[in-house]
Amino acid sequence: MSVLSVKNLEYAYSKGTPFQIGALKGVSVDFEIGEIVGVIGHTGSGKSTLLQHLNGLLKPESGEILFEDENIWSSKESVRKCRFGVGLCFQYPEHQLFESTVYDDVAFGPKNMGLSEEEIKERVLESIKFVGLTEDYLTKSPFDLSGGEKRRVAIAGVISMKPKVLVLDEPTAGLDPVGKNDLLNLIKSYNETTNSTVIFVSHNMDDVALIAHRVLVLSDGNIVMNGTVPEVYSKGSELLKLGLDVPEITRVFLKLHEEGFDVPTDVYTVSDGKEKLLEFLKRGKVNG
Numbered sequence: 134m135s136v137l138s139v140k141n142l143e144y145a146y147s148k149g150t151p152f153q154i155g156a157l158k159g160v161s162v163d164f165e166i167g168e169i170v171g172v173i174g175h176t177g178s179g180k181s182t183l184l185q186h187l188n189g190l191l192k193p194e195s196g197e198i199l200f201e202d203e204n205i206w207s208s209k210e211s212v213r214k215c216r217f218g219v220g221l222c223f224q225y226p227e228h229q230l231f232e233s234t235v236y237d238d239v240a241f242g243p244k245n246m247g248l249s250e251e252e253i254k255e256r257v258l259e260s261i262k263f264v265g266l267t268e269d270y271l272t273k274s275p276f277d278l279s280g281g282e283k284r285r286v287a288i289a290g291v292i293s294m295k296p297k298v299l300v301l302d303e304p305t306a307g308l309d310p311v312g313k314n315d316l317l318n319l320i321k322s323y324n325e326t327t328n329s330t331v332i333f334v335s336h337n338m339d340d341v342a343l344i345a346h347r348v349l350v351l352s353d354g355n356i357v358m359n360g361t362v363p364e365v366y367s368k369g370s371e372l373l374k375l376g377l378d379v380p381e382i383t384r385v386f387l388k389l390h391e392e393g394f395d396v397p398t399d400v401y402t403v404s405d406g407k408e409k410l411l412e413f414l415k416r417g418k419v420n421g
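Be aware that the sequence shown starts at 134, since it is given in the working numbering, and climbs by one per residue.
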């Protein structure tokens with residue numbers, strides 16, 4: 134069942150000028166309740182433009198965005214409902230942190246929802262705990278935090294509104310390997326705990342392979358692939374032609390296949406690659 138739908142969405146930057154760029158060209162896609170969708174594509178493919186339409190930051194030139202089967206631009210109330218129901222977290226958290234304390238930043242959304250002080254406090258404590266920060270952070274200035282901590286606070290501020298859809302633009306950008314894995318586990322845990330839909334853009338296809346249920350591939354303002362991780366990643370050579378950096382393990386198996394070895398090409402995690410390689414070696418011994 135779809136919670137969010139995009140219908141024939143079109144959008145261009147610098148419209149009507151010699152510099153006009155068609156960012157989205159008739160994009161249509163449904164997002165189901167409880168799924169994690171990874172959105173990938175080379176720079177300029179339309180990924181971030183699509184994300185900014187999902188909660189009404191950008192208004193379509195043509196086409197529709199439906200949240201719970203209602204056009205989000207049909208009324209002011211519809212836009213408001215969407216912005217609370219579809220939470221967007223930008224790539225750089227400092228762009229959306231502006232209050233003097235972490236508590237006030239995380240509480241900003243619930244306050245605008247008109248909740249009571251008691252419920253606001255409850256949501257702040259719940260959200261800050263969920264992202265792995267202790268209560269002593271609440272009195273700190275968000276601008277004194279590390280990059281990883283800022284990102285957690287930014288996500289806490291979004292999930293404090295309990296959105297049905299969580300949208301993240303490059304959530305792991307700039308994080309070290311430990312911070313990246315922690316954040317991916319947090320996103321996966323949030324999805325499993327709340328059954329919320331998660332949509333995230335990433336340049337790192339390994340990240341997408343680890344947690345996504347479905348993958349959208351954008352190129353030149355169009356969705357050119359839409360399928361499960363195995364379905365999309367099995368087209369490694371096509372992804373490379375689109376300028377995407379497929380996982381290293383996928384490159385290894387593609388190369389082995391090109392060299393004539395009977396190995397699959399839909400390998401996208403190291404653990405899966407290990408199993409497939411052992412299977413191949415065992416087959417070789419039997420055949421030998």
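Be a bit skeptical, because a hint or two may be false.
Said to hold, decoys possible - Under the rule of at most 30 angstroms between Cα atoms (straight-line distance), these lysine-lysine pairs were calculated in the DSBU-like manner:
1. 140 - 283
2. 214 - 283
3. 297 - 209
4. 209 - 262
5. 374 - 313
6. 295 - 214
7. 158 - 388
8. 295 - 273
9. 297 - 254
10. 374 - 407
11. 407 - 297
12. 368 - 313
13. 148 - 158
14. 409 - 388
15. 158 - 244
16. 140 - 273
17. 158 - 192
These aren't lab readings, by the way, just hints derived from the structure by calculation.
Status of each hint after checking the structure:
1. 140 - 283: Measuring from Cα to Cα gives roughly 34 angstroms; hence the hint is violated.
2. 214 - 283: holds (26 angstroms)
3. 297 - 209: With Cα atoms ~19 angstroms apart, residue 297 and residue 209 stay inside 30 angstroms; holds.
4. 209 - 262: violated (33 angstroms)
5. 374 - 313: Distance of about 27 angstroms is within 30 angstroms: holds.
6. 295 - 214: holds (12 angstroms)
7. 158 - 388: violated (34 angstroms)
8. 295 - 273: It holds: about 23 angstroms lies between the C-alpha atoms, which stays within 30 angstroms.
9. 297 - 254: Cα-Cα ~20 angstroms, so holds.
10. 374 - 407: holds (26 angstroms)
11. 407 - 297: The given pair, whose Cα atoms are some 37 angstroms apart, is violated under the 30 angstroms limit.
12. 368 - 313: holds (26 angstroms)
13. 148 - 158: Since the Cα atoms of residue 148 and residue 158 sit roughly 13 angstroms apart, the hinted pair holds (cutoff 30 angstroms).
14. 409 - 388: holds (14 angstroms)
15. 158 - 244: violated (37 angstroms)
16. 140 - 273: violated (43 angstroms)
17. 158 - 192: Given that 30 angstroms is the threshold and the Cα spacing comes to 14 angstroms, the pair holds.
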